[in-house]
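Enquirer: From just these sequences and the hints, can you work out the full model?
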Amino acid sequence: MNQKENSPILVVDNITKSYGALVANDRIKFEVQKGHVHCLLGENGAGKSTLAKCIYGASKPDSGSIKFKDQVTHFSSPREAIRQGIGMVHQHFVLAEPMNAVENIIVGEESTGAILHPKVETAKIQKLADQYGLTLDLSLPVSQLSVGEQQWIEILKALYVGVDLLLLDEPTALLTPQEVDKLFNIIRKMTADGITIILITHKLHEVMDISQRVTVLRKGKTVATVKTSDSTKASLAELLVGREFDFRVNKEKIEPGDPVLELQGLTIKRDNGTIGVDDFTLTVNQGEIVGLAGVSGNGQPELFDACVGVRSPEEGKIILGGEEITGLSPLIISNKGLASVPQDRLRQGLISEFDVQENLILGMHGNEPYSKFSLINWSKVKTHAVDMIENFEIATRGPDQKVKQLSGGNLQKVLLAREVSKDVTALIASSPTRGLDINATYYVYKRFLDLLHEKTGILLISEDLDEIYNVSDRIAVIFKGKLMGIYNTEDVTREKIGLLMAGVKEEDSD
Amino acid sequence: MWADIFQVGLIVSILATAVRMGTIVLLGALGELVAERAGVLNLSVEGMMLTGAFAGFLGAYYSESLWIGVLCAAVAGILISSIFGLLVVVFHISQEVSGLSVNIFAGGLTFYLYRTIFPDVGGTNIPALTPFKVVDIPILSDIPIIGRILFQQYALSYIAFFMVLVIAFYLYRTKSGLILRTLGENPRAVDMKGVNVTLYRFLAVLFGGMMAGLAGSFITLASVGIFVADITAGRGWLAIAIVIFGDWKPAKILWASLFFGLIDGLQMQLQAVGVDLPFQLFLAMPYILTTIAVFLGRKKSGAPQALGLHYIRE
Amino acid sequence: MTKKYSLRIEKRKDIGFAMSTISIIIALLVSLLVTAGVIFLSGADPKIVLFAIAKGSFGSKNAIIDTLIKSTPIMLTGLATIVAFRARVWNIGQEGQLFAGAMAVTFVLLTFPNLTLPAYVLIPLLMLVAMVGGALWGSIPGYLKAKYNVNEIIVTVMLNYVILYLMTFLLNGAWQEPGSFYYNTIKFPESSWLPLLFDTRLHLGFVIAVVMAGLVYFLMWKFKLGFEIRATGDNPIASTYKGINTNRISLIVMLISGALAGLAGGIEVLGIHHKLIYGFSSAFGFTGILIALLGRMHPVGVIIASIFFGALHNGASAMQIYSDVPRSLVNLIMGLIIIMMLMWEAIFTYRIRRVENVG
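Residue numbers (numbering that gives the first Met the number 0), protein chains in the order written: chain A, 0 to 509; chain B, 0 to 313; chain C, 0 to 358.
Rather than coming from a laboratory, the hints here were simulated on the basis of the structure. The C-beta atom is built at its ideal place from N, Cα and C for all residues, glycine as well. There could be a bad hint or two in this list.
Said to hold, decoys possible - Label-pair ranges, simulated between beta-carbon atoms:
id, chain 1, residue 1, chain 2, residue 2, range
1, B, I67, C, Q319, 24 to 34 Å
2, A, S328, C, P177, 55 to 65 Å
3, C, L224, A, Q400, 22 to 32 Å
Said to hold, decoys possible - Below, computed lysine-lysine pairings styled on PhoX-like, alpha-carbon distance capped at 25 Å:
id, chain 1, residue 1, chain 2, residue 2
4, A, K126, B, K174
5, B, K174, A, K123
6, A, K118, B, K248
7, A, K401, C, K221
8, A, K33, A, K68
Expert: So, in structure tokens, the structure goes:
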């Protein structure tokens, strides 16, 4: 059935969705015009993902309706939504890594014949890719493609089926500014072709760059829908948080002291034998936060692993508080005062079946006072846990609650409590606020600042350039394992950092 | 002694036995391959094989038709594996624990039924039937040496070889096979495309069960013609090892199965020839070699990335 | 607009202790029903059979003694399984490690026939020997896994067969009792026989097994090593990041697991048969896995489950007097119970909620 001319392609009318006591979407209301790039702007936890799920069929709203092309939608699954013309590209890609782009795109599609014809299908997809300027090798296994290229596969999946409306969930989170430009060009080509794009983001400059309209969400409610041409970053920011927004975390300037963590000429190999980190040198001093910016997969995990002791460098030294710790075991390094917050909370940092008190002593379980002659003193463990729960405001039933029942923010609090409640010489933190709402995020930053006052230095590894910019005293950039440069935050622009993240060195840029 | 061994006739005999004995593990391994490619690790292959062996024997014994027996074995495998499928794919219980439990259950069930249905077994009174006869493929079986090895085998062996081709074609050239392979690497990817992950995995498990049942039937119906306790002697575990050793690829699994069949065959023929080593050493040989094989295969990269992991839609 | 409701099935995040217990009880009841059905279908009277089993297991002092005797080896192999499985090391080799323990004891007694040690020295020594034997056999898959990441499932199963054939070879050769047609050794000296308790047939092994259960409990929940074992089993990656050497843990659990299984072998040989005889183990190793699963991977559960199993076995023997139902009914029952248990616990992790329908 054809849509009426000039009517909006999507009408979201009073959508409400709750998860238990949490009202994730509260009477959300807005319209999207055909051929527009329409941004959904909101902080983490504002309700963007929930709303997206309702639009593309992954969940049913509790009340309200969504009209797509003048028809109320009753999608029972994302599959049905795609058939009707609404697709979604997720933040975390859903790809089978050993298989190539073509296989990932055609798998499970109705248009794919019962017997596969690789040449025919590859040609079809190549044509589509060329049409929108997506340059990638369709024959390579996905694991060998860059993050940007993997994202294009996700976009191709939607284009292959032929969508009219495409949702993109925080698509630029893992891209360099240059890759973002490329993506935006692709988006412009799509809208020129009549495809409508809904871009979910929390980044103001993206909104200004690419969209015609933006709907601002805050705490589950629609704040406003405005024309981008009528707005500025400041006006959007005000809508976003409801007050004059100070972008930078309020920090007293602390004079940096002695070095606490020195990385000297580190060369580290990956599991598959390739070089992950290449002759990397960096020093973190007492009282400062050094932010390490870089696109995901440029050596940060290997660097983290080496500092923590899980991986041995091929060459180079790591010095903690004046003592060399290169190649020592994780236990020893931790006991010498290196606190670490890994990227993947549940996988690398916590034991989900263990309770809060057990997780709080993980890594220190062999030390006094928690254990003597290998016998664990459970009453001391419990006392410590009660203390930490209060101190760090961890929302839990008690020390014996299994950690897997806690929310993301509280998991991070348990991790932090564990790491900073011992004598800390240096802290290395990888994506510490990923997935946390704004309150939890600022709590983490507050704890970091407390550490700085206690003569600790922090190495912050993050893929979120905004976070690095807002929090660090100095910024270093890593690209393909090499140090591209290190600057005082006030002396360098975001664009410059972006270029370095993409491998463009000083001498090469204009 | 060694001169005796290297007589051509003996070698041909050994190789022919290799194909025969290899069929058992091949059938089991092919079934397990499909299940594992879908991401499900099924440790109950041994139990399913045993049940298949018994069901096959029972069916053939009472119906006086060997092929009915084979059918019964296949059905038995499907039924037992459906229990495993239920536990793992529907209830998301640990795959290792479920596999071991179903293994124990299948063993108990089989043995109980055996004793109930044949209460007076022992000594000279062992129920037996006439097993399959070898089927000569016309013309091809007359080729010297190769003919004897490859084309004078049991019908079930030919089926097994054919299944290698079928499964290879299925996995790499069909839409459904692509879905299955993707399922084993990233179940969420196919779930988002509307594929019923639960159903696919369940069917893959059933297929594995059917093949294990067939493998068991080969032992009782083609090899010996009787049923005794533990007649499978660890071949179900061997099948699992072969999937690893064969890097989850049908062709490599075929070669690995034949190799193990060779060891089995070698063991029998060398005993017959009267080689002067303790016969227990020969009996132990397949197991020792499997251990070595698994050690050599420890760096195999073909394992499906989602193998052994549950998929629960967020 | 009238409100419409539909039922939605949700998964709980965790199942509480109460729910767990209820699910076990339901599992047992359903298994009982199914078993009664099976018995009925095979032509016997379920009431008689079940009554016979009950009588045979606990109906008399002798019955209870027998039950405890039968529970001993499987209690130990069950404990062996717990230690390994809790670390996610899938040891399926308890059978072989049990043989290794028995063979180690045999080796010592046959090699030093003129040992004139008093029982209170010899027996603890032999217990130790059995544990060492089992630990050595378990160290093979343990080392392969720790150093080379070789799949322990396959290796442990394969080694079961290898050591079985080795034992057969020895029992048919160097270790065979002169003049015997069977696969057995000479009888061991009386000073090596496990003492009997309270003037009954119950031997010291039962006490040893229960003590071991206590030790395993302490290890797993009160000691640093147990903490690390459990951590490794649940999340080897996080454990590594926090300083636990998971490879070392894999090896250690295989040593402990092997030792416990070996001890079971030594006890069976010194407590019951007083010689090494082919077939002395009626699948004690594999049953240990069953016991560990039924006992929910906890020492207390293992004690209960092993006594339960011993009772069933005893009862089954008695059952033979009253009916034609074969003893292997016990195997079927146990298999049935474990599946039921898994299933019902899983069912209980879901709950049904009434949800208002969206317009």
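Enquirer: Go through the numbered hints given earlier and state which of them the structure violates, listing their numbers in rising order.
Expert: Of the numbered hints given earlier, the structure breaks none, since each of them holds.
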